[in-house]
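Participant: Model the full assembly from the supplied sequences, consistent with the hints where possible.
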Amino acid sequence: MPKMKSKGAVKKRFRISKKGKALCSHPGRGHLHALYNGKTRRNLRRRIVLNTTWSNLIRRMVKP
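Residue 153 in our numbering sits at position 51 of the sequence shown, and the numbers go up by one each step.
Honestly, I wouldn't trust all of these hints.
Below, computed lysine to any residue pairings styled on SDA-like, alpha-carbon distance capped at 25 Å [as the list claims (entries may be wrong)]: (1) K113 x V151; (2) K141 x M163; (3) K109 x R143; (4) K109 x H135; (5) K165 x H135; (6) K109 x W156; (7) K114 x P104; (8) K114 x C126; (9) K109 x T142; (10) K105 x S157; (11) K109 x K165; (12) K165 x G122; (13) K120 x T155; (14) K114 x S127; (15) K113 x C126; (16) K107 x K141; (17) K121 x K165; (18) K109 x P129; (19) K107 x L125; (20) K123 x R149; (21) K107 x H135; (22) K105 x G122; (23) K109 x T154; (24) K114 x N139.
Taking CB as the label site, the calculated pair distances span [unchecked claim]: (25) A111 x T155: 40 to 48 Å; (26) S127 x N158: 33 to 41 Å; (27) N158 x P129: 30 to 38 Å; (28) S108 x T142: 27 to 35 Å; (29) T142 x P104: 40 to 48 Å.
Because the hints were derived from the structure by calculation, they are not lab data.
The beta carbon of each residue, even a glycine, is placed where N, CA and C say it ideally should be.
Facilitator: Written out as structure tokens, the structure reads:
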């Protein structure tokens, strides 16, 4: 049986932390930032930590 391929789209959008949690960035960061105030823009720079269920799924897709 051949090896499982890792999902390239998932590798591009998610990152696995050292403790095994899945991290992703906030949506809506492409353009039109003048509509947001400074607090919102600052919070959009932070990563989102996904819950355990999603982290397990993402980890399996990134490293088969």
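Participant: Now tell me, hint by hint, if it's right for this structure.
Facilitator: How the hints compare with the structure:
1. Distance restraint check for K113 and V151: the Cα-Cα separation of roughly 15 Å lies within the 25 Å cut-off, and the hinted pair is therefore satisfied.
2. Straight-line distance between C-alpha atoms of K141 and M163 comes to about 33 Å, which puts the hinted pair past the 25 Å bound.
3. A C-alpha spacing of about 30 Å is found between K109 and R143, which places the hinted pair above 25 Å, so the restraint is violated.
4. A C-alpha spacing of about 31 Å is found between K109 and H135, which places the hinted pair above 25 Å, so the restraint is violated.
5. About 34 Å separates the Cα atoms of K165 and H135, which puts this hinted pair outside 25 Å; it is violated.
6. Restraint check: the Cα-Cα separation between K109 and W156 comes to about 15 Å, which is no more than 25 Å; the hinted pair holds.
7. A threshold of 25 Å between alpha carbons decides the hint, and for K114 with P104 the separation of about 23 Å falls inside it, so the pair holds.
8. Among the hinted pairs, K114 with C126 is consistent with the structure: their alpha-carbon atoms are about 10 Å apart, no more than 25 Å.
9. Taken as a hint, the K109 and T142 pair is broken in the structure, with Cα atoms around 31 Å apart against an allowance of 25 Å.
10. With a C-alpha separation of about 22 Å, the suggested pair K105 and S157 falls inside the 25 Å cut-off, and the hint holds.
11. At most 25 Å may separate the alpha-carbon atoms for a hinted pair to count; K109 and K165 meet this at roughly 9 Å.
12. A distance of roughly 11 Å separates the Cα atoms of K165 and G122; the hinted pair therefore holds under the 25 Å criterion.
13. Of the pairs offered as hints, the one joining K120 and T155 holds, with about 17 Å between alpha carbons and a cut-off of 25 Å not exceeded.
14. For a cut-off of 25 Å, the pair hint linking K114 to S127 stands: about 11 Å separates their Cα positions.
15. For the given pair, K113 sits about 10 Å from C126 by alpha-carbon distance, which is consistent with the 25 Å threshold.
16. Using a Cα cut-off of 25 Å, the hinted pair K107 and K141 is violated, with the two alpha carbons roughly 40 Å apart.
17. A threshold of 25 Å between alpha carbons decides the hint, and for K121 with K165 the separation of about 15 Å falls inside it, so the pair holds.
18. Of the pairs offered as hints, the one joining K109 and P129 holds, with about 20 Å between alpha carbons and a cut-off of 25 Å not exceeded.
19. Pair hint K107 plus L125 holds up; C-alpha atoms about 21 Å apart against a cutoff of 25 Å.
20. With a CA separation close to 11 Å, the supplied pair K123 and R149 stays within the 25 Å bound.
21. Between K107 and H135 the CA atoms are separated by roughly 37 Å; this puts the pair beyond 25 Å, and the hint is violated.
22. For the hint pairing K105 with G122, the CA-to-CA distance comes to about 22 Å; that is within 25 Å, so the pair holds.
23. Proposed proximity of K109 and T154 is supported: the alpha carbons are some 19 Å apart, at most 25 Å.
24. Between K114 and N139 the alpha-carbon distance is near 28 Å, which puts this suggested pair outside the 25 Å criterion.
25. The given range of 40 to 48 Å is broken by A111 and T155, whose C-beta atoms sit roughly 19 Å from each other.
26. Separated by about 20 Å at the C-beta atoms, S127 and N158 break the suggested range of 33 to 41 Å.
27. Taking 30 to 38 Å as the suggested C-beta distance range, the pair N158 and P129 does not conform, at roughly 22 Å.
28. The hint said 27 to 35 Å for the Cβ distance between S108 and T142, and at roughly 34 Å that hint holds.
29. For the pair T142 and P104, the beta carbons lie near 46 Å from each other, so the given range of 40 to 48 Å is met.
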